[in-house]
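Each chain, letter by letter, is given below.
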Amino acid sequence: VYNQELTTLSDEDEVISIFEPWLILPSYLGITKSKHYSAGLDIKLFNFWNVKTEGYYKRTENLPILNKQKIFPSDPDFLSGESEAYGWEFLNRIGSADISFTSTYALAWIFNQVGDIKYNPNYDIRHAVTLILETNIGKGWSFSSVWNYKSGFPFTKLSGFYDKYYFNNDPGDFSAFNFFSRFSLLDSKNNGRTPDYHKLDISLTKRIELPYLILDIGASILNVYDRANLFYFEKETGDRINMLPFLPSFTIKAEI
Amino acid sequence: LKKYFYILYAFLLILNSCDNTVSYIGEFEQQYSLNCILRSDKSTQIVTIKRSYSPNEDPNNSDIQNAIVKLTFRDSTYIFKDSLLAETHYAYPAVKYFYYLDDIVLAKNTVYKIEATLPNGIVLSSETKTPRYSKLNMVEKDDVLPKPNNAPAYYMWSLTRPEDQLLFGPAFYIRYFILGEEDRIIYKEVPGFHYQNNLLYEVSRESLDDAMQSISNGIVSAGNVNIIDAQIEIKVFDRALGIYVNSIRTFEDEFSIRVAEANVSNIEGGFGVFGSYFSEKSKIIFEEEYVSSFGYVLSDN
Chain X
-4 VYNQELTTLS DEDEVISIFE PWLILPSYLG ITKSKHYSAG LDIKLFNFWN VKTEGYYKRT
56 ENLPILNKQK IFPSDPDFLS GESEAYGWEF LNRIGSADIS FTSTYALAWI FNQVGDIKYN
116 PNYDIRHAVT LILETNIGKG WSFSSVWNYK SGFPFTKLSG FYDKYYFNND PGDFSAFNFF
176 SRFSLLDSKN NGRTPDYHKL DISLTKRIEL PYLILDIGAS ILNVYDRANL FYFEKETGDR
236 INMLPFLPSF TIKAEI
Chain R
11 LKKYFYILYA FLLILNSCDN TVSYIGEFEQ QYSLNCILRS DKSTQIVTIK RSYSPNEDPN
71 NSDIQNAIVK LTFRDSTYIF KDSLLAETHY AYPAVKYFYY LDDIVLAKNT VYKIEATLPN
131 GIVLSSETKT PRYSKLNMVE KDDVLPKPNN APAYYMWSLT RPEDQLLFGP AFYIRYFILG
191 EEDRIIYKEV PGFHYQNNLL YEVSRESLDD AMQSISNGIV SAGNVNIIDA QIEIKVFDRA
251 LGIYVNSIRT FEDEFSIRVA EANVSNIEGG FGVFGSYFSE KSKIIFEEEY VSSFGYVLSD
311 N
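Protein chains in written order, with this note's numbering: chain X, -4 to 251; chain R, 11 to 311.
A couple of the hints might just be wrong.
To be verified - Keeping only pairs whose Cα atoms sit at most 25 Å apart, straight-line, the calculated SDA-like set for lysine to any residue is:
hint, chain 1, residue 1, chain 2, residue 2
1, X, 184, R, 271
2, X, 230, R, 272
3, X, 28, X, 95
4, X, 145, R, 271
Stated by the list, open to error - Calculated from the model, a selection of chain X residues having no Cβ within reach of chain R, i.e. all distances over 10 Å:
hint, residue
5, 24
6, 30
7, 67
8, 95
9, 98
10, 113
11, 133
12, 160
13, 161
14, 189
As the list claims (entries may be wrong) - Quick look at which bits of chain R chain X covers, simulated, 3 or more residues with Cβ under 8 Å:
hint, segment
15, 37 to 44
16, 58 to 66
FYI, nobody ran anything at the bench for these hints, they're computed from the structure.
All C-beta atoms, glycine included, are put in the ideal place defined by N, C-alpha and C.
Produce the complete structure using the sequences and hints provided.
Laid out in structure tokens, this is it:
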């Protein structure tokens, strides 16, 4: 059983929530509690081969969810929700002192519920794979490559806009000619899924040990095969903004 | 090893060619909004009707024309006339077409029904009960600011005949103009805290100072700012309008802003608001020394 008195605040209607402040849970919600059941195996097949696997089931109560129907200042900022998560994780590592290959796979389902509304939260990622190859080539050279794959995560689609009526600051001018501002109309909560994310990063490093100085000279490439991974959508236009493209870089690190 | 790299390369090539498209745009459904606030201080009542639009659409033509809009109260029905604003000085998205009804003086404690039949047959409707006008008394009012020792200002009110269905919208404004633009009085709202159940509004000294300071943002010379006075205004809303107004407030008090806005409406068949209100305003005076501490001038107006 886990208890937590801090939480992050995020707007789940944003495809990517960039700013997530930490908050102390308000007293009216009670402490977030979860029951976590897990069972797993850790098998060492040989000295160079390790396999781990674990299944889990987690049920959370008093999960703070942003109250989007707040009207009055006295209304609560958060509603109490519930969450259910279950899945399976697998790790396989084969390696020696000079070369290692690690692969992980996670399969997960997550559901949040507030009142009668049940939905998959933004962090409900069904499949996640990581492959890591690390080699010590010799003579101070080392090479590593990391490949990540995540299936898409849920987001709420924009179905349109309407011009919503607001009031002027001028208190004497409270009329239907006050200003209107574009208000987003959203589809059902988290009814869309982003495309799969995957990316290969590689790096090559040469270590040079000098008297009183160790130099690490490295070259790396992010997103080797220039995958167009979604970062976020412009809310006003629906334009897609992608993450970093193919990006080579060079580094020099000195240790005295 | 070579074979391994060929396999890996082929795998990545296949993976990278997988469908990577996604649309942020969901299924668009045409919807409509109606806005009408019945005012007791004017005899012309205005209605605007707008349609929703898809993200790919030009939003400039969202006004609905040729609707039949009826206002019914006390067994009488009136039909709104439609009109066009030739030019508008309001920023986008402005109103171009609207509906109006002349010579309607609001009766107190009366149920008003509105019904708009759009050209495509869709009906938007709502009803409101005007407040039973009763005198609003300021029970407590700090009418000279700032108060000594940085104390907050308090404004408390009561109604001679309270009604459960009424909601209050207190607001505190600094009124000022810029030298050379004397005809354009600007209202700067000072966020305060509304104690909903106590009919009390509190304006802290920090909030007042911040608002005063922000007036000169973007102004070349603070000496051009002429502070007239401040106003505490208590709007008394019917319940539907009160909920709507509270839902669109961007702040809760001087320390908090809203991060989410509920889309509330009392219009059947669409969005928007139909309501009524009355209001009382009261003047607040500033100490000259306080105004000049920001570099502003206390106006004689």
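Results for each hint:
1. At most 25 Å may separate the alpha-carbon atoms for a hinted pair to count; residue 184 (chain X) and residue 271 (chain R) meet this at roughly 15 Å.
2. As the CA atoms of residue 230 (chain X) and residue 272 (chain R) are separated by approximately 18 Å, the hinted pair is consistent with the 25 Å bound.
3. Annotation: proposed proximity of residue 28 (chain X) to residue 95 (chain X) is violated, straight-line Cα distance about 39 Å (limit 25 Å).
4. For the hint pairing residue 145 (chain X) with residue 271 (chain R), the CA-to-CA distance comes to about 32 Å; that exceeds 25 Å, so the pair is violated.
5. Consistency note on residue 24 (chain X): stated as away from chain R, and its beta-carbon is indeed over 10 Å from all of that chain's, at 17 Å minimum.
6. Against chain R, the non-interface label of residue 30 (chain X) holds: every CB pair exceeds 10 Å, the least being about 30 Å.
7. The claim that residue 67 (chain X) lies off the interface is violated: its Cβ sits roughly 5 Å from the closest Cβ of chain R, which falls inside the 10 Å cut-off.
8. With a closest Cβ-Cβ approach of about 15 Å to chain R, residue 95 (chain X) is found to remain outside the 10 Å limit, as its non-interface label requires.
9. Consistency note on residue 98 (chain X): stated as away from chain R, and its beta-carbon is indeed over 10 Å from all of that chain's, at 13 Å minimum.
10. Every beta carbon of chain R lies more than 10 Å from that of residue 113 (chain X), the smallest distance being close to 19 Å; the non-interface claim holds.
11. Against chain R, the non-interface label of residue 133 (chain X) holds: every CB pair exceeds 10 Å, the least being about 15 Å.
12. Separation of residue 160 (chain X) from chain R is inadequate, the least Cβ-Cβ distance of about 4 Å not exceeding the 10 Å criterion.
13. With a cut of 10 Å on Cβ distances, residue 161 (chain X) falls inside the contact zone with chain R, its closest approach being about 6 Å.
14. Separation of residue 189 (chain X) from chain R is inadequate, the least Cβ-Cβ distance of about 6 Å not exceeding the 10 Å criterion.
15. Under the rule that three or more residues need a Cβ within less than 8 Å of chain X, the assignment of the segment 37 to 44 of chain R holds, with 5 such residues.
16. Coverage of the segment 58 to 66 of chain R by chain X holds. Counting CB-CB distances below 8 Å, 8 residues qualify, and the rule asks for three or more.
Of the numbered hints stated above, those contradicted by the structure are hints 3, 4, 7, 12, 13, 14, listed in ascending order.
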